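Trainee: Given chain A, work out where chain B should sit, using these hints.
Protein sequence lines, in the order shown, are assigned to chains A and B.
Okay, so the first sequence: first residue is 1 according to this note's numbering, each after it adds one.
Okay, so the second sequence: first residue is 1 according to this note's numbering, each after it adds one.
Simulated from the structure, these hints should not be mistaken for lab results.
Model, not experiment: these values are computed from the prediction.
Just so you know, even glycine gets a beta-carbon here, dropped at the ideal spot from N, CA and C.
Any given hint could turn out to be false.
Derived DSS-like pairs (lysine-lysine); straight-line CA-CA distance at most 27 Å [said to hold, decoys possible]: (1) B:Lys170 <-> A:Lys172; (2) B:Lys268 <-> A:Lys169; (3) A:Lys51 <-> A:Lys29; (4) A:Lys172 <-> B:Lys268; (5) A:Lys188 <-> A:Lys169; (6) B:Lys259 <-> B:Lys116; (7) A:Lys188 <-> A:Lys62; (8) B:Lys27 <-> A:Lys261; (9) A:Lys172 <-> A:Lys188; (10) A:Lys150 <-> B:Lys27; (11) B:Lys259 <-> B:Lys186; (12) B:Lys259 <-> A:Lys172; (13) B:Lys170 <-> A:Lys188; (14) B:Lys259 <-> A:Lys169.
Label pairs and their computed distance ranges (CB to CB) [unchecked claim]: (15) A:Ser242 <-> B:Gly78: 43 to 51 Å; (16) B:Lys138 <-> A:Pro258: 46 to 54 Å; (17) A:Asp11 <-> B:Glu130: 34 to 42 Å; (18) B:Asn145 <-> A:Ala6: 42 to 50 Å; (19) B:Asn145 <-> A:Ile158: 35 to 43 Å; (20) B:Lys138 <-> A:Asp247: 51 to 59 Å; (21) B:Asp23 <-> A:Ala6: 38 to 46 Å.
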Amino acid sequence: MADTAADSLSDFLASAVDAARKAGEIIRKGFYQTKHVEHKGQVDLVTETDKACEDLIFNHLKNLYPTHKFIGEETTAACGTTELTDEPTWIVDPLDGTTNFVHGFPFVCVSIGLTIGKVPTVGVVYNPIIDELFTGVHGKGAFLNGKPIKVSTQTDLISSLLATEAGTKRDKVTLDASTNRINSLLSKVRSLRMSGSCALNLCGIACGRLDVFYETGFGGPWDVAGGAVIVTEAGGVVFDPSGAEFDVTAQRVAASNPSLKDAFVEALRQTE
Amino acid sequence: MADNDSLSEFLASAVDAARKAGDIIRKGFYETKHVQHKGQVDLVTETDKACEELIFKHLKHLYPTHKFIGEETTAALGTTELTDEPTWIVDPVDGTTNFVHGYPFVCVSIGLTIGKIPTVGVVYNPIIEELFTAIRGKGAFLNGNPIKVSAQTELITSLLGTEAPTQRDKLSVDGCTNRINNMLSKVRSLRMSGSCALNLCGIACGRLDVCFELGFGGPWDVAAGAVIIREAGGVVFDLSGADFDITSRRVAASNPFLKDALVMLCAKPSEKLGLHRSWWKIGILSKSTCVNAFC
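The following block holds chain B by itself, in its conformation from the complex:
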């Protein structure tokens, strides 16, 4: 089991790798990109591949017994199962569409899980020069300054972050816009910035209050952000209210006050009664609140 010194070392190595990859991203940001499609809208560039190689080599060299899961390697070779072994989970360029278009929300995301638990997290936006870091139990930081989730308690005054789905079939798009339609009457406003990892960091530093994303690429989008949010005092969960599963390609996050309201807002009518019943039983809601809400 890793001790504190090891974790600090792991963080320093990840920051080092992130900065080097960030240099490649920054150089490429204003140049013409050669783009391939992984799906209808899912893009990959030479920069994604170059950054993933760099990060893997850097970390493999230091920690040859550790495991690695990367977005581009997975795309090429298939899914690697997540085990209890220390595992680096890497998105070399999160926000590839933004990178291709020159929209400044791109980042490197490097997470380390131990026992399948996100334990070290680094997210680095080399365009705006923002480095988010966290170690489990040691707090979260932006450019070295401590960060905390927002103190927002009401959904109606909250800023929500989410994204358009990469699947553009009618079902997925209808689901997305119906959800947005429902939520826009209950939140202050909506932001779509094109990077899952940076949305999670936005929650961690309080510039977003609630976020969720469904159907993103893989665990590399969330492994780092999950640590950072938890260390900033936030919560990461499944939008249904269930526990967060890092491999599920579903994530929701907020400060602790807003979680229940977000889950309730997104629950299907048939789920709401169940939620109310269980929350009444465990004392979160009074009986009258449940009765009024259900009616």
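With the rest of the complex left out, here is chain A:
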């Protein structure tokens, strides 16, 4: 059983930050260059940078923690799904916001989460273009570039800033459900933001620049494992859009400050 003392967690955080910064340099260099792009689906992209960053992060962490498990977006795409166990498991999206990366839109990040007993316990999300490093350790608070952050104090949904995404599935059924949901929500919130990175949306909730967020059908646990800790440590709540408990493997997430959760879940329920 892994040693989960506070020292270890701080150690794990420091290693993850190190890996994130190194991967961030690769991303920053590639950001303004022509990219060679492959399609994983109709709109889901992957680049050499995604793969290079995942290799770097895995090697860095495997070297330090050879008994830990690893789940990465690109490795999963290549080799199939690894089941999440209670073992300390690093869950990595080497480049969240690949579409943004390809287009030069500055919302891209490395997302590194560590689960222990399947619970997100350490989280690092790093946007190397805007240079924002979000970190969180279970019980130790959440930080942006070393400064403590808290979720917003917004209590009214109608004054809230909502984030969601267009999604990668573009069949008529999914699209219709998605835009109908947005249509219903637009009369209940202040405004809507779509920035193209699930991990950065979670961090937006954590630092209070967004009030409510939901996304369904995103790639995998790597999109949320890092952000979930950061939101929770910033005083926020992470849950299933139905109001049920959050499941890191479900490809469904919602987040908000505690005051808005019930109203938000109710508003989402009304879009069904």
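Mentor: Okay, now just chain B, sitting in the frame of chain A:
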């Protein structure tokens, strides 16, 4: 008529004013804001008003004969007609909702029209520290580095920027989400960042490929961005395909390759036939393309 030296001077003055206003915005960005509503979702803060005063005073002092159109002054005193006189058209804080929430897409937008043509443009995001500038005929720049629109030729691999309407009546919201529904099957993805001027600059520097917005506040949202896009090699137009009208509160923009596809995508079925006919006549489309498309 202004000569090159004058235009460079106008740009330098506008950049100066934008940076000073940017300092006020940056300081206020992380503080609690006192917010009033101009409409159901249209906000204004003390920062908007303070920045507009600062910019007006700065420019009026240098150019006392020039005219001024500002978002907050217009809200207070009513619309000023746009004439051929050199006119500074200013949005002191574009993205006020973002400013209130601490979402880092806010900017100062300062445009100068001469003969009603956008001629000098400055858009400054003091949070991310991005300064977009352009003078008609002299290129467009981001933090001093030249920028160009994207080379994207296909809508299906394009990134689209647009916004939710400030009017939230059923008609406006239905129109918006129906449009989004239609477009999401034809573009790569959608970004909504909350600042019209920064969306236009996104087109200019190639991080967005197509954008449009309908029903935004006024000419102050687009006066600067229009110059910047044109100087970056892009095109600014009405979503119907008609010429851009700076006072119409409607804007669309893209690189030159994507304009027709965007216009066609958004055209109502009754308009599409007309578009096809006129494009066939002027040689843009072959007859077979028109026949296939109409069917």
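Trainee: Now, for every hint given, state plainly whether the structure supports it.
Mentor: We went through each hint and held it up to the structure:
Simply put, Lys170 (chain B) and Lys172 (chain A) have alpha-carbon atoms about 22 Å apart, close enough for the 27 Å limit, and the pair holds. The suggested pairing of Lys268 (chain B) with Lys169 (chain A) holds, with an alpha-carbon distance near 25 Å, which does not exceed 27 Å. Of the pairs offered as hints, the one joining Lys51 (chain A) and Lys29 (chain A) holds, with about 15 Å between alpha carbons and a cut-off of 27 Å not exceeded. Proximity of Lys172 (chain A) to Lys268 (chain B) is assessed by CA-CA distance (about 19 Å); at most 27 Å being required, the pair is judged to hold.
Restraint check for Lys188 (chain A) and Lys169 (chain A): the C-alpha separation of about 25 Å stays at or below 27 Å, so the hint holds. For the proposed pair Lys259 (chain B) and Lys116 (chain B), the alpha carbon gap of about 23 Å is at most 27 Å, so the pair holds. Taken as a hint, the Lys188 (chain A) and Lys62 (chain A) pair is broken in the structure, with Cα atoms around 46 Å apart against an allowance of 27 Å. About 31 Å separates the Cα atoms of Lys27 (chain B) and Lys261 (chain A), which puts this hinted pair outside 27 Å; it is violated.
This hinted pair checks out: Lys172 (chain A) and Lys188 (chain A) have alpha carbons roughly 25 Å apart, not beyond 27 Å. For a cut-off of 27 Å, the pair hint linking Lys150 (chain A) to Lys27 (chain B) stands: about 19 Å separates their Cα positions. Distance check on the hinted pair: Lys259 (chain B) and Lys186 (chain B) sit about 14 Å apart at the alpha-carbon level, within 27 Å; holds. Only pairs whose Cα atoms come within 27 Å are accepted, and Lys259 (chain B) paired with Lys172 (chain A) is accepted, the gap being roughly 25 Å.
For the suggested pair Lys170 (chain B) and Lys188 (chain A), the alpha carbons sit about 12 Å apart, so the restraint of at most 27 Å is met. For the proposed pair Lys259 (chain B) and Lys169 (chain A), the alpha carbon gap of about 26 Å is at most 27 Å, so the pair holds. At roughly 49 Å, the beta carbons of Ser242 (chain A) and Gly78 (chain B) sit within the given window of 43 to 51 Å. Distance hint for Lys138 (chain B) and Pro258 (chain A): a CB-CB separation of about 53 Å, consistent with the stated range 46 to 54 Å.
A C-beta distance of roughly 37 Å is found between Asp11 (chain A) and Glu130 (chain B), which places it inside the suggested range of 34 to 42 Å. Restraint check, Asn145 (chain B) to Ala6 (chain A): a C-beta distance of roughly 46 Å satisfies the suggested window 42 to 50 Å. One distance hint, 35 to 43 Å for the beta-carbon pair Asn145 (chain B) and Ile158 (chain A), holds here, with the actual separation near 42 Å. The beta-carbon spacing between Lys138 (chain B) and Asp247 (chain A), approximately 55 Å, falls within the hinted interval of 51 to 59 Å.
The hinted range of 38 to 46 Å is satisfied by Asp23 (chain B) and Ala6 (chain A), whose Cβ atoms lie roughly 41 Å apart.
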